[in-house]
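With the hints as your guide, set chains B and C onto chain A.
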Amino acid sequence: MNEVLLSVMLPLCGAVLVAVTGRNANLRDAMTVVTSLVTFAVVASIAPQVMDGARPSAEVLQVLPGVSLAFRIEPLGMLFGLVASSLWIVTSIYAFGYMRGHHEANQTRFFVCFAIAISAALGIAFSANLFTLFLFYEAMTFSTYPLVTHHGTPEAKRAGRVYLGILVTTSVAFLLFAVLWTYSLVGHLEFRSGGILSGHIEGTALAILLGLFAFGLGKAALMPFHRWLPAAMVAPTPVSALLHAVAVVKAGVFSMVKILVYVFGIDFLHDSGASVWLMYLAAASILIASVRAIAMENLKARLAYSTISQLSYITLGAALATSSAVLGAGMHIAMHAVGKITLFFCAGAIYVAAHKSEISQLDGLGRRMPITFAAFFLGSLSIIGVPPTGGAWSKWYLALGAAEGHQLVFVFVLMLSSLLSIAYLMPIVVRGFFRPSPEGEEGGMQEASLAMVVPLSITAVGSVALFLFAPQLRELLLPVVGG
Amino acid sequence: MTFLSNVAGLWNYWAVITLMMIGLYIMISRGNLVKKLMGMNIFQVSVIMLYVSMGKVAGGTPPILIEGAEDVAYSNPLPHVLMLTAIVVGVATTAVGLALVVRVKEAYGTVEEDEVVAIDQATDREEAAAARAAEAAHGEGA
Amino acid sequence: MSEHFPALQVLLPVLTAPLCLLLRHPTLVRVLSLAVTVGCLGISLALMEQAREVGTVVYEFGNWPRPLGIEYAVDTTNAFVLVIVSMIAAVVLPIGCRNSQVPEGREYLFYSAFLLCFGGLLGVAITGDVFNIFVFLEISSLATYILIAMGRDRRAIMAAYSYLIVGTIGATFLLIGIGLLYQMTGTLNIADLAVRLEDVKETRTVIVAFAFAMVGISIKLAVLPLHHWLPNAYTHAPPVVSAFLSATATKVAYYLMLRFIYTILGAGFVFDVLQFDVILTPLSLAAMFIGSLAAIYQTDFKRLLAYSSIAQIGYMTLGLSLNSELGAAAGIVHLFNHALMKGGLFLVAGCVLLRVGSTAIVDMRGLGSRMPLTASALVIAGLGMIGVPGTVGFVSKWALVSAALDQQAWQITVLILLSSLLALVYVWRLIEVMYLTEAPEGAERREAPPLYLIPTWILVLASVYFGFNTESTLGVARAAAHQLLGGAG
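Chains A, B and C supply the protein sequences, listed in that same order.
Residues 1 to 483 (my numbering) are what the first sequence spells out, left to right.
Residues 1 to 142 (my numbering) are what the second sequence spells out, left to right.
Residues 1 to 489 (my numbering) are what the third sequence spells out, left to right.
Pulled out of the complex, with its shape left as it was, chain A reads as follows (with noise of 0.2 Å):
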């Protein structure tokens, strides 16, 4: 069978493997990490392939004329596929943690919607077409849809109305709508290097065409339509963790770089301007988002908001449409996917270990969890963007290839939003380790399970490693931009 075929299918498999094992909770946890293991395994060993500038592909079976179930894996798919499929794992181990610690009913059903939430990452990450695409996306959307409400409470479905319904309407009121579009003018939806829409319209209608997809992609959470990520906040942290890091709203801000990359292509947005737009909506969605997440009091709330600038940042870089801003685009999945899975599988561990929540509540607590609040500073550099860790370099990239594109402004909305980050994070630190501790409180060591301190130590870790890795990455995208 084809590795790539393989790689989508493997956690598909994995699913129906948790289903059937569901009543034994230890052979059932074993069923999820071994499939994430071997799907990482899969998807890493393409990766050489693709380094070597092969483009492996599988063709499923044509669904219409000028329309088939296609993967090809280029870069950036690639990139996407290894943070999805490496994150799972840690992500699945610390689930383990957090939904034992904690009680969770129905653990069979989060597992298994997990597992087709992940093989619906990587059906997005190696799509062919604007239609494998789409079709993977909307389940992404149906198979997150019972892990936001997975507690069943009146706010929970509430919570889920709200995420369905933002993510569905907009991806059929304007992204399939944009889909059919283009078939429409082109006559098929391969992505191709260097866009397929060159030549095929201009003016207001690339603009308006740019502006469905742009808000079509609702995943990418960019301004207005970004009140599902807050809301899905109700949901157990791992799942948030899938939402913020691993796959939704990466998968979100992906499509963006995929299709202005691969559809519009960049040299013909950066021609004709169409995307001027976009980049002063996407700036004004990291400021606002950052100072909204500077008022939240609730842990949770503030790292959502955080999100939602940060994924801004990538859409700001694709829009900006310079060979190096795309690169920071790309690699800002990776660098803000390890960076903010690290911060909320410690917001997770937080809960589990002293039941806090609010900011206000965690005073002293650095002192009697030192590894998460250590894991937790980390993680709050590479979001920052300061060196030794990750982020600093997607920033960089992302600040030349503004001042490439000769829009300085989008230099100092950069720096503007760095320093919010460093208001709105910093302080969690400082709290936890300088507050003295509420009176009653003190005493030794209290952290949490190590299932759950054992992966967020390794993704603190892995975002001052990227730091190091950071050519191989840059190496691996240089083709997206044609270098």
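Please note that a few of the clues may not be correct.
Straight-line alpha carbon distances no greater than 16 Å define the calculated EDC-like cross-link-like pairs of lysine to aspartate or glutamate that follow [claimed, not checked]:
(1) B:Lys105 - B:Glu115
(2) A:Lys157 - C:Glu438
(3) A:Lys157 - C:Glu432
(4) B:Lys105 - C:Asp153
(5) B:Lys35 - B:Asp114
Note that these hints are calculated values from the structure, not bench results.
Same frame as chain A, but now just chains B and C:
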């Protein structure tokens, strides 16, 4: 003149239309289910007349072949034949309709439409109330 | 043998119906009628094959040549309709008349009525003679009234009665239209009518004939302002009957509309001269929105499905009103796709009715754990209604939006997409009730029997399969539309 020829020359159509409207009016305005069926019959009969009258050829004889005679204008027999079928269909429809009316009488004790509708609406309201009560009970439980 | 397939297609069920009355033995009758429906499915597939090869399969009864005799003419379009009707019949019939008022030992009456209805629908679709259309339409309608009246609730009788009155008006209107056409041309043969109408098209008589025929067909099709019979009929009929009717009866009426517009009168006359689309487009759009909005506010699952059918019929007539090959193809392919989804959903309603005893939405609480297979069938078919990619609903939506974009009809495109979001609301209401609310106390966990589940899942799985394999649906629909509009045959 035009007016006169419209009325007089097309008198068969006027008759058809009048019958048709009477039938339709009975179907719409009467609340008695049996009367509605009668209206439906009148309505169907008007169409039968429409067909039969269109089969008439001016100066034509009944469509029975006259041996050896030439230059005979025969009326068109086909519409009559078609209407044989339509009559059968009409009878069958009436039969089914009357059978349903019998069932309605058994189930509701009346054949007046407004009374049946009132009973049905009461049932609908009860069901809706039960549904709301169940929902409210559930809301408290959650 | 195979040259007699067009005749057998109709004769088989119509002749088996009285046979069932004579046999009376429950098992024997069941096996016999099942064999007949399966046989008809085989014949219709063979006819489709023949029609794809030769264009139009013509069968002259008693070898009387057109226009003297009655002929059956099968082209790709009606072969497709024949396949839909017989496929659904073969899938749903095994469930039989459970959950209805039919007393034990008299099931044979149900099977005779079903076979008559089935044969009548096939007859409407296959015949090449307009008067024959009327006769078969009435055969199927009369059987339909009987089938609807078999519902468990006494309201079913009243629903059947109302449908009888309205349906008869519709059929009689069609008869008037046919009569006026005959008056102008002296022929009843469809192909012959098309030729002879050329000279007399723009006379007032033909225009009136068209109006009568369209109103008559629209009543049968439940186009928006003429839809009032449908919700009651579908809600109170036995689930198998609702599944069968929703998947076939309106489809056959839609086929009639296609036949009258494209073959008999010609698209040029209907759309350019009469500007029929000026009426049909707003009505279709209104049906899409009003039907879906009404569905959102229903408290009964089957009634919700009935209103959703009205919306879906709007999609079909919208495809027609776009007056293009792509539009007609979108309408035709939606016949098939909607038959699968809505048939599956009504069978789900049957499962629910069997085990829960009601189809009120509040009684479906916690169905996800009480009847997991039934609930998941509802989810998959529901996703199809929303038009999620990978289901037949997406194929329909794709075809329809492509057709609208092809005509540069931007507003219509936007409205189609927006209205499909309403389906999300009413489907999701059900999903929330089934999965996110606790089952009422004392509710037993009991899955529907395989007899119900297998037909349900056949339709549901087919709705996924044909979401990917579109060659045998959209491909055929495009060929059919091409033939229909190209004037070939």
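Evaluated hints:
no., hint, verdict
1, B:Lys105 - B:Glu115, "holds, 11 Å"
2, A:Lys157 - C:Glu438, "holds, 13 Å"
3, A:Lys157 - C:Glu432, "holds, 8 Å"
4, B:Lys105 - C:Asp153, "holds, 14 Å"
5, B:Lys35 - B:Asp114, "holds, 13 Å"
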